[in-house]
Amino acid sequence: MKFVDEFRDPKLIRAAAEEVRRLADPDRHYRIMEVCGGHTHAIYRHGIKNLLPPNIELIHGPGCPVCVLPMGRIDDGLSLAERPGFIFTAFGDMMRVPGTRGSPLEYQARGADVRMVYSPLDALRLAQENPDREVVFFAIGFETTAPSTALTLMQARALGVKNFSVFCNHVLIVPAIRAILDSPDMRLDGFIGPGHVSTVIGCRPYQFIARDYGKPIVVSGFEPLDILQSLIMILRQLKEGRAEVENQYSRVVPWNGNLAALRAMAEVFELRPYFEWRGLGFISQSALKLSAAYAEWDAEVRFELPGVRVTDPKAAQCGEVLKGVLKPNQCKLFARECTPEHPVGALMVSSEGACAAYYHYVHRAAAVGR
Amino acid sequence: MVRPELARYGLGTLDLDGCVTCGDIAVPVVVLEVAGSEALCEDRLGQRARVAVDFTPEAAPGDVLLVHLGVAIARVGRETP
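If you read the protein sequences in the order shown, they are chains L and G.
0 is the number of the first residue of the first sequence in numbering that gives the first Met the number 0; add one for each residue after it.
0 is the number of the first residue of the second sequence in numbering that gives the first Met the number 0; add one for each residue after it.
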């Protein structure tokens, strides 16, 4: 497995960790946020945290779309699942996310026709195969996922499939980063930028972070060496007093993103004036809805939804964890009432959630004495 | 055929797309043949699937694509088809 070893070579990793230690000023405490849930998992899975000096703190960002979705939106989507003649479709990782009256799987157990799909294109095929049923797709995800929903809707329109609709919960990573930078209880020194989101949007949208906030951001790959190299690049910028957007993951991420995907998104979606994020509150222009040209396929236009705001269980501190103010194990419910088997908040459900990562790689390891 | 070289672009495989809603999961595959806006592709374990190449219209046999939810979102390299 030569090509995996390239990014997991212990010798290279030790050298990179040594370089991180060399660059870090011992008199300074660094707070660096990894924006994306994929990085959070890689950091725990590979034990990267243990290679870093204690004055480099990695803060987990809001990069899991399931985790940031307020419960009211889940309830709205699931209200369609119980209607006669409807087929409710969602990705596998939505299936265990709790709404007020249970998760999609629990709705299924109560008799609703809930089906897991791998791609929104599968949901469209389901609609074509069931012309007498209404098929609703629960769309969720950042800019990596939005193009596949856009493509599905363009195909639905081209094929004239009328019994298909999308309940759109796509969110955008850039306004979330801006909200975090504007948050008064948050002090960060730099960002490890998302990898695959950036294959779609490119690196340009992050320029405001360097220009307006004076913080470095390095778009990073997911292997241990990628993450350490990104940290080296951030620390070098800080040491030299620079704040720039740099691309560590250039073997995958083009500077300008994917223009065909961006064009499709521009045709199918428009910005919502504001959208509620769990933990971050309402953020203006931070989410997508279907454009007027696609209103016929917009579940929010076609069907009446409850639209009720639901507050999180009081004791759960998902919001503080999402903002990086608390570590997962500092939440009162962590590993007590809230576990991957019985999640209270979405951060414990989704495998990319900071609490699930912490539970699997830190809490359990401590429990077995590793 | 098994293609360890694809691990350079990520360890995802077509049967296991991890937490798919997270923006940061994508599966590297090699294009075997293109038919219209679909391509037959193979991942690092030799598993095959048809993926939409609407967003990588230049995709040709031998190209390495990153696939997210059945849709190619980037062309990242070349290998033997």
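Honestly, the hints are just simulated from the structure, not real lab data.
Everything numeric in this text was worked out from a predicted model, so none of it was measured.
Please note that the accuracy of each hint is not assured.
To be verified - Which bits of chain G does chain L cover? Going by a derived footprint, with three or more residues having C-beta under 8 Å, they are:
| no. | segment |
| --- | --- |
| 1 | 1–12 |
| 2 | 47–54 |
| 3 | 69–77 |
What the hints assert, rightly or not - These stretches of chain L come out as covered by chain G in the derived footprint (C-beta under 8 Å, 3 or more residues):
| no. | segment |
| --- | --- |
| 4 | 145–152 |
| 5 | 193–203 |
| 6 | 253–266 |
| 7 | 333–347 |
Just so you know, even glycine gets a beta-carbon here, dropped at the ideal spot from N, CA and C.
To see whether the hints hold, each was checked on the structure:
With a threshold of 8 Å between beta carbons, the proposed coverage of the segment 1–12 of chain G by chain L holds, since 8 of its residues qualify and at least three are required. Against chain L, the segment 47–54 of chain G contributes 3 residues with a C-beta closer than 8 Å to a partner C-beta. That satisfies the three-residue criterion, and the hint holds. Interface restraint, the segment 69–77 of chain G with chain L: holds (6 residues with C-beta to C-beta distance below 8 Å; minimum three). Check result for the segment 145–152 of chain L against chain G: holds, 3 residues qualifying (beta carbon to beta carbon below 8 Å, three or more required).
By the rule of at least three residues with a Cβ nearer than 8 Å to a Cβ of chain G, the coverage given for the segment 193–203 of chain L holds, with 6 such residues. With 5 residues bearing a CB less than 8 Å from a CB of chain G, the segment 253–266 of chain L meets the requirement of three and the coverage assertion stands. Counting residues of the segment 333–347 of chain L whose beta-carbon sits less than 8 Å from any beta-carbon of chain G gives 0, not enough to reach three: the coverage restraint is violated.
Consistency with the previously given hints fails for number 7 only.
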